[in-house]
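Trainee: Letter by letter, the chains look like this.
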Amino acid sequence: MIQPQQPYTGQIFQPTQTFSPTAPQPFYGNSFEDEPPLLEELGINFDHIWQKTLTVLHPLKVADGSIMNETDLAGPMVFCLAFGATLLLAGKIQFGYVYGISAIGCLGMFCLLNLMSMTGVSFGCVASVLGYCLLPMILLSSFAVIFSLQGMIGIILTAGIIGWCSFSASKIFISALAMEGQQLLVAYPCALLYGVFALISVF
Amino acid sequence: MHPAGSAAAGTPRQRKWPSKRRIPVSHLGMADPHQLFDDTSSAQSQGYGAQRGPSGLGYPTASASPQAAFLADPVSNMAMAYGSSLAAQGKELVDKNIDRFIPVTKLKYYFAVDTLYVGKKLGLLFFPYLHQDWEVQYQQDTPVAPRFDVNAPDLYIPAMAFITYVLVAGLALGTQDRFSPDLLGLQASSALAWLTLEVLAILLSLYLITVNTDLTTIDLVAFLGYKYVGMIGGILMGLLFGKIGYYLVLGWCCMSIFVFMIRTLRLKILAEAAAEGVPVRGARNQLRMYLTMAVAAAQPLLMYWLTFHLVR
Numbered sequence: 001m002i003q004p005q006q007p008y009t010g011q012i013f014q015p016t017q018t019f020s021p022t023a024p025q026p027f028y029g030n031s032f033e034d035e036p037p038l039l040e041e042l043g044i045n046f047d048h049i050w051q052k053t054l055t056v057l058h059p060l061k062v063a064d065g066s067i068m069n070e071t072d073l074a075g076p077m078v079f080c081l082a083f084g085a086t087l088l089l090a091g092k093i094q095f096g097y098v099y100g101i102s103a104i105g106c107l108g109m110f111c112l113l114n115l116m117s118m119t120g121v122s123f124g125c126v127a128s129v130l131g132y133c134l135l136p137m138i139l140l141s142s143f144a145v146i147f148s149l150q151g152m153i154g155i156i157l158t159a160g161i162i163g164w165c166s167f168s169a170s171k172i173f174i175s176a177l178a179m180e181g182q183q184l185l186v187a188y189p190c191a192l193l194y195g196v197f198a199l200i201s202v203f
Numbered sequence: 001m002h003p004a005g006s007a008a009a010g011t012p013r014q015r016k017w018p019s020k021r022r023i024p025v026s027h028l029g030m031a032d033p034h035q036l037f038d039d040t041s042s043a044q045s046q047g048y049g050a051q052r053g054p055s056g057l058g059y060p061t062a063s064a065s066p067q068a069a070f071l072a073d074p075v076s077n078m079a080m081a082y083g084s085s086l087a088a089q090g091k092e093l094v095d096k097n098i099d100r101f102i103p104v105t106k107l108k109y110y111f112a113v114d115t116l117y118v119g120k121k122l123g124l125l126f127f128p129y130l131h132q133d134w135e136v137q138y139q140q141d142t143p144v145a146p147r148f149d150v151n152a153p154d155l156y157i158p159a160m161a162f163i164t165y166v167l168v169a170g171l172a173l174g175t176q177d178r179f180s181p182d183l184l185g186l187q188a189s190s191a192l193a194w195l196t197l198e199v200l201a202i203l204l205s206l207y208l209i210t211v212n213t214d215l216t217t218i219d220l221v222a223f224l225g226y227k228y229v230g231m232i233g234g235i236l237m238g239l240l241f242g243k244i245g246y247y248l249v250l251g252w253c254c255m256s257i258f259v260f261m262i263r264t265l266r267l268k269i270l271a272e273a274a275a276e277g278v279p280v281r282g283a284r285n286q287l288r289m290y291l292t293m294a295v296a297a298a299q300p301l302l303m304y305w306l307t308f309h310l311v312r
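Residue numbers (full-length UniProt numbering), protein chains in the order written: chain U, 1 to 203; chain D, 1 to 312.
No lab work stands behind these hints, which were simulated from the structure alone.
Please read these numbers as outputs of a predicted model, since none were measured by experiment.
Where hints are given, some of them may not hold.
As the list claims (entries may be wrong) - Okay, the calculated beta carbon distance ranges per label pair:
hint	chain 1	residue 1	chain 2	residue 2	range
1	U	L81	D	L197	39 to 49 Å
2	D	D141	U	Q150	53 to 63 Å
3	D	Q286	U	G120	44 to 54 Å
Stated by the list, open to error - Some chain D residues flagged as far from chain U (calculated, every beta-carbon gap over 10 Å):
hint	residue
4	V104
5	V113
6	V118
7	G123
8	L124
9	D133
10	M160
11	L171
12	E198
13	G242
Glycine included, C-beta positions come from ideal geometry on N, C-alpha and C.
Just need the whole structure built from these sequences, with the hints factored in.
Mentor: Printed below as a string of structure tokens:
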């Protein structure tokens, strides 16, 4: 059995300093009272989640580039599940499609943004932004529960909501990655992705 | 077995009765005659009450066993850090080796576009008749980024046009009640297959005619991808206005793409002749001329082939 007192020497047992959790975690040697609160340890920061949600809901408000520094996937998970739930209320059991389309869409946006921007972007950041901007789509699918969206009003509403989602997403990407003159170019693939989600809601 | 034998938590299989309670810290230090392992935790037992939470990787009672000592303070921290650093090293390995298969820096050049460039290029694709200067500007031996010169090829428009084509095809099939999700995949893969075939055929012909040109494969993919823009226009018009609209718009886009390709490829394939501005008669140049005409003529044919079954 390994003696715990023997110091680890050599490069192979030296962990590189890449382990950087989102919330600062103290050394485990502390006693129970010094442990961080559970939410902080899990990295769920309700204040930031609320700020990001507000940024999405006010499309004309200028976004702050630093809000995307911590990538948090808790909010987007909740929004995806809520979207699936509202679809379920309308009688469409399509969680599989939502999952598949969001996975492929996030992968595509990740490749595109890495190629288009000067600084790279991490996959978690892309998934986080796209997930947050799914919020207006939940409004659309909850409308679809009550009214059918296949008339003229439905088409206008769908187009408006797709525009809102992609505008917010491109605004956050532009400010986080400092890309100038490319907002419409980023908004177009986002619009394609949200268009597919809208297709699921409408048909 | 003695119920306090549950203090020997090393091998649960040997316990006859399941331990219903966790041993509190103060009970450690009991010398149990049935204990199978040395109790090395007595010196460190004070800190263990708190350790079961964060460092417990599924070990129920962190007491009186070498496994718990193994998960002791600096070690458990290091082990978790090592595990995550393994993941990070794997990611680095992928990043280093992906350059061998996909030339990322070269691709970045083709995506250095901005909205103004895209607007002008789309205008050029639909109406190339008035544009005079088709030469790409150079800056110290390297071509200038697409952002700064409208003649430079880019990959943003072909990529977006391809994806839009697949989605619009799905939409067209949906309005005719012929839609199913696997048909989307079928459309996408058949369009991709035709593109690959085209690229390979042109590369083969360039090799056979021994043209030395600076036309790279990615350039070729970019030029061949511009026809999807016309196809999308045709399908959308066909959806709105029926067959008449489809044929009109498709005809217009076919003509434009034909002229666009001829004018662009002339500068790449027939470089010397184009520089002089005079068509030189010679077997070599004639072959090159035929190749350019063949590539340009294949575009309208493929545009029709890939869209006519979508518009009824």
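Trainee: Would you mind marking each hint as holding or not holding in the structure?
Mentor: Verification of the supplied hints:
{"no.": "1", "hint": "L81(U) x L197(D): 39 to 49 Å", "verdict": "holds, 43 Å"}
{"no.": "2", "hint": "D141(D) x Q150(U): 53 to 63 Å", "verdict": "holds, 57 Å"}
{"no.": "3", "hint": "Q286(D) x G120(U): 44 to 54 Å", "verdict": "holds, 48 Å"}
{"no.": "4", "hint": "V104", "verdict": "violated, 7 Å"}
{"no.": "5", "hint": "V113", "verdict": "violated, 7 Å"}
{"no.": "6", "hint": "V118", "verdict": "violated, 6 Å"}
{"no.": "7", "hint": "G123", "verdict": "holds, 15 Å"}
{"no.": "8", "hint": "L124", "verdict": "holds, 17 Å"}
{"no.": "9", "hint": "D133", "verdict": "holds, 23 Å"}
{"no.": "10", "hint": "M160", "verdict": "violated, 6 Å"}
{"no.": "11", "hint": "L171", "verdict": "violated, 8 Å"}
{"no.": "12", "hint": "E198", "verdict": "holds, 23 Å"}
{"no.": "13", "hint": "G242", "verdict": "holds, 19 Å"}
Violated hints, listed in ascending order, are 4, 5, 6, 10 and 11; each of the other numbered hints is respected by the structure.
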